[in-house]
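The chain contents come next:
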Amino acid sequence: DAGVTQSPTHLIKTRGQHVTLRCSPISGHKSVSWYQQVLGQGPQFIFQYYEKEERGRGNFPDRFSARQFPNYSSELNVNALLLGDSALYLCASSLPGQTGYTFGSGTRLTVV
Amino acid sequence: DQQVKQNSPSLSVQEGRISILNCDYTNSMFDYFLWYKKYPAEGPTFLISISSIKDKNEDGRFTVFLNKSAKHLSLHIVPSQPGDSAVYFCAAIGDSGGYQKVTFGTGTKLQVIP
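Protein chains in written order, with our numbering: chain A, 299 to 410; chain B, 186 to 299.
Quick caveat, the hints were computed from the structure, so don't treat them as lab data.
Just so we're clear, the structure is a prediction, and the values are computed from it rather than from any experiment.
Treat the hints with care, since some could be wrong.
[As the list claims (entries may be wrong)] Just the calculated beta-carbon pair ranges, DEER-fashion:
{"hint": "1", "chain 1": "A", "residue 1": "Gln396", "chain 2": "B", "residue 2": "Gly245", "range": "13 to 23 Å"}
{"hint": "2", "chain 1": "B", "residue 1": "Gly201", "chain 2": "A", "residue 2": "Gly314", "range": "48 to 58 Å"}
{"hint": "3", "chain 1": "B", "residue 1": "Met214", "chain 2": "A", "residue 2": "Glu351", "range": "32 to 42 Å"}
Idealized CB from N, CA, C, for every residue including glycine.
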């Protein structure tokens, strides 16, 4: 049974470019959340989607956007990349009422 | 505003001994607390959770203790094994305007020495 899958695993972008990160949740999981983890810090909440609707948004600028598709997969988009956007981007999925989120292995984004 | 804090960035423990990882929080409205374990190049793996109405939860070698009055929780690993060497994140779940938001601490790197 596949876990949460994220693509790509690594990515290098130039300042000012945009990036799209992808996430496929565990089969049957309808909730997807995105987190940013900067080196030495804990994951910071970016977005949560449930049934294709945004349920929550963390303290991130409007350059960050996301969406969830009918098959519950999700994309995270970041425009006008800054050096400070370099981080590990994690996707997590869960069932309604489930307290333990299952994380993917993340996408390591490097902005140069 | 760091609502979940792990004040020890690292911890070294001898194999077979007890590892105690600590976490403090400021928001008394958190409903659940979780511990995650993270290896390099992998996503965090859920370890154990505790409801805010409990004071202890045990799962094999892992026990989490919650002291609500002190807004403090701890993870005990007994006995510690070299494979336990990883970064451990404390996390708290609370309702945030209609959705369950997870807030993570900064992590504690545990090294279990053989």
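Going through the hints against the structure:
Restraint check, glutamine 396 (chain A) to glycine 245 (chain B): a C-beta distance of roughly 20 Å satisfies the suggested window 13 to 23 Å. Taking the beta carbon of each, glycine 201 (chain B) and glycine 314 (chain A) are about 53 Å apart, inside 48 to 58 Å as hinted. Between methionine 214 (chain B) and glutamate 351 (chain A) the beta carbons are some 24 Å apart, a value that contradicts the proposed interval 32 to 42 Å.
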